[in-house]
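Read off the chains here:
There are 4 protein chains.
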Amino acid sequence: MSGTVQAKQMFHWPVRVYWEDTDAGGIVFYANYLKFFERARTEWLRSLGIGQRRLREGSGGMFVVVQTDVRYHRAARLDDALQVTACLSELRPASMTILQQTLLESEHTSTAPAELLCDGSIRIGWVDAATLKPAKIPKNILEVLEQ
Amino acid sequence: MSGTVQAKQMFHWPVRVYWEDTDAGGIVFYANYLKFFERARTEWLRSLGIGQRRLREGSGGMFVVVQTDVRYHRAARLDDALQVTACLSELRPASMTILQQTLLESEHTSTAPAELLCDGSIRIGWVDAATLKPAKIPKNILEVLEQ
Amino acid sequence: MSGTVQAKQMFHWPVRVYWEDTDAGGIVFYANYLKFFERARTEWLRSLGIGQRRLREGSGGMFVVVQTDVRYHRAARLDDALQVTACLSELRPASMTILQQTLLESEHTSTAPAELLCDGSIRIGWVDAATLKPAKIPKNILEVLEQ
Amino acid sequence: MSGTVQAKQMFHWPVRVYWEDTDAGGIVFYANYLKFFERARTEWLRSLGIGQRRLREGSGGMFVVVQTDVRYHRAARLDDALQVTACLSELRPASMTILQQTLLESEHTSTAPAELLCDGSIRIGWVDAATLKPAKIPKNILEVLEQ
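Going line by line, the protein sequences match chains A, B, C and D.
For the record, in the first sequence the residue sitting at position 124 is 104 according to my numbering, with numbers rising by one throughout.
For the record, in the second sequence the residue sitting at position 31 is 11 according to my numbering, with numbers rising by one throughout.
For the record, in the third sequence the residue sitting at position 65 is 45 according to my numbering, with numbers rising by one throughout.
For the record, in the fourth sequence the residue sitting at position 121 is 101 according to my numbering, with numbers rising by one throughout.
One or more hints might be untrue.
A pair holds if it fits inside one copy or across any two, identical chains being indistinguishable in the list.
[To be verified] In silico DMTMM-like pairs for lysine to aspartate or glutamate, Cα to Cα no more than 20 Å straight-line: (1) K113 / D49; (2) K119 / E37; (3) K119 / D59; (4) K113 / D60; (5) K119 / D108; (6) K113 / E95; (7) K116 / D49; (8) K113 / D99; (9) K116 / E70; (10) K116 / E87; (11) K116 / E95; (12) K116 / D59.
If you're looking for bench data, these hints aren't it; they were derived computationally from the structure.
With the sequences and hints as input, model every part of the structure.
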């Protein structure tokens, strides 16, 4: 993660592991971390006043994922309490890249450091919802993200 | 299951159990049998010449599930080969009910009887895709289903 | 739902609708309400001091779903804020039945009545985790549930 | 993709897009391509005589995903017929990397070239199933993969 990103810019979202998230290996199915990442991105955007359904109904456009690079370090298990982070690392006219982590909360003390389970970068682009053709991110969205 | 339904009217669709289908109990996550049921319903409709995307684009309507009653008898595991059945049991102007089963194929011999894992009835209704309001099933679909 | 169940016994759990929950019909994929129901059951059990992973590691047993009867009345959409309820309706030595609802929170005022989206009854049984054979619910769990 | 990999070494697996795979954008939810990739890897291993459940029961170990790098070029839709490929690109004592693609089959003619929807590299490592600690891939598996 870039050293220039400051802690206050890091968005955190809690996620609990349920049966639906696990697989027969007894751990969270790796594809499901992409769901956790998306929940955190969605809540980060919502915290900035950006609701994706309203956006689509209003602008006719939507964000789609164009690249995901994820490394899995340790596995989460049923009932684990996780923290999922989102941090904007690059903003371009038609896409943005968000750095994300999934951390395991310590059971024993809230002062213990959380353990990194997986991290990755997710690039999302703006498209016209009807044609799925790439397009420029609407100006009012860009302005909110630039702050 | 109704005794009046004859074997030839029963549609079968093979499904293999992958990691994505299982949970930390080491077995298929019960909600995923609804996905298996739907794959079999979709292929049954396709075998009758009914493609759901084309249907929606052409008619502006779609089928939605309005009731699911499912009993789980035994659990499937990773790598199991399943047979999923679909059998129309009731056809009404705006909805239909399909009886479905998930069966475990015997590993040892294809002549051994398959074991019943779960069964249920799924009622689906026709709605206008834009308003989600119930509507009558299009005539050409009804005619195909009545045969 | 049974009129004898009092409001204070009804457990509520908030669920937000994300992209992962929806399908190409623009609504929540019906099988995913079973996931929402399970999250609420899990949190209801956790509120009673019953953690499912610890339970399994300690007792060698686990709950599995044996029957689900669900009616879908109205559809949830992306970004909707839901309330999922859980209410124990029947407790037997080796199984229990929980009545559950998914409600749509009003966007406009917290005093408006929530709208019923779907409801159902879920029966879960206790099994030995290794053999998956039905077994009696451990006494300490039964005692907690009986209160 | 490496130019040294020859076509005959490329494993293909057909996947059909169902409602469960799509999201409210009308397209396949991007995390689900990881499921499609895994189905193809599983069937590729099965074609080599490697069954993952039997492997785990016999050896006490299993493969887990440690890294996924995926680029999404075009979106699949409901009812699309896909081809998912798997091709071993690197084999090491405790891990391997598989290059994978999802291709859209042409509706009109089987001789038309399939369209690339997404591609990526998936690295999987071998772990002890009980401790989840990395370990060397069993010799008999390595020998099969080296051929």
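Right, here's what the structure says about each hint:
Taking identical chains as interchangeable, the C-alpha atoms of K113 and D49 are never at most 20 Å apart, the minima being 23 Å within one chain and 23 Å between chains. Proximity of K119 to E37 under the C-alpha cut-off of 20 Å is restricted to the intra-copy arrangement: shortest distance 16 Å within a copy versus 32 Å between copies. For the identical chains of this complex, K119 and D59 are neighbours neither inside a copy (41 Å) nor across copies (22 Å), given an alpha-carbon limit of 20 Å. In this homomeric assembly, K113 and D60 come within 20 Å of each other (Cα to Cα) only across copies, at 19 Å, whereas the closest approach inside a single copy is 39 Å.
Proximity of K119 to D108 under the C-alpha cut-off of 20 Å is restricted to the intra-copy arrangement: shortest distance 15 Å within a copy versus 34 Å between copies. In this assembly of identical chains, the alpha carbons of K113 and E95 lie at most 20 Å apart only when taken from different copies (16 Å versus 39 Å within one copy). In this homomeric assembly, K116 and D49 never come within 20 Å of each other (Cα to Cα): the closest approach is 23 Å inside a single copy and 25 Å across copies. With identical chains, the CA atoms of K113 and D99 are at most 20 Å apart between copies only, with a shortest distance of 19 Å across copies and 29 Å within one.
Only within a single protomer do K116 and E70 lie at most 20 Å apart by alpha-carbon distance; the minimum there is 15 Å, versus 38 Å between protomers. In this homomeric assembly, K116 and E87 never come within 20 Å of each other (Cα to Cα): the closest approach is 44 Å inside a single copy and 30 Å across copies. Taking the shortest alpha-carbon separations for K116 and E95, neither the intra-copy value of 37 Å nor the inter-copy value of 25 Å comes in at or below 20 Å. In this homomeric assembly, K116 and D59 never come within 20 Å of each other (Cα to Cα): the closest approach is 41 Å inside a single copy and 23 Å across copies.
Comparing the model with each earlier hint shows violations of hints 1, 3, 7, 10, 11 and 12; every other hint is respected.
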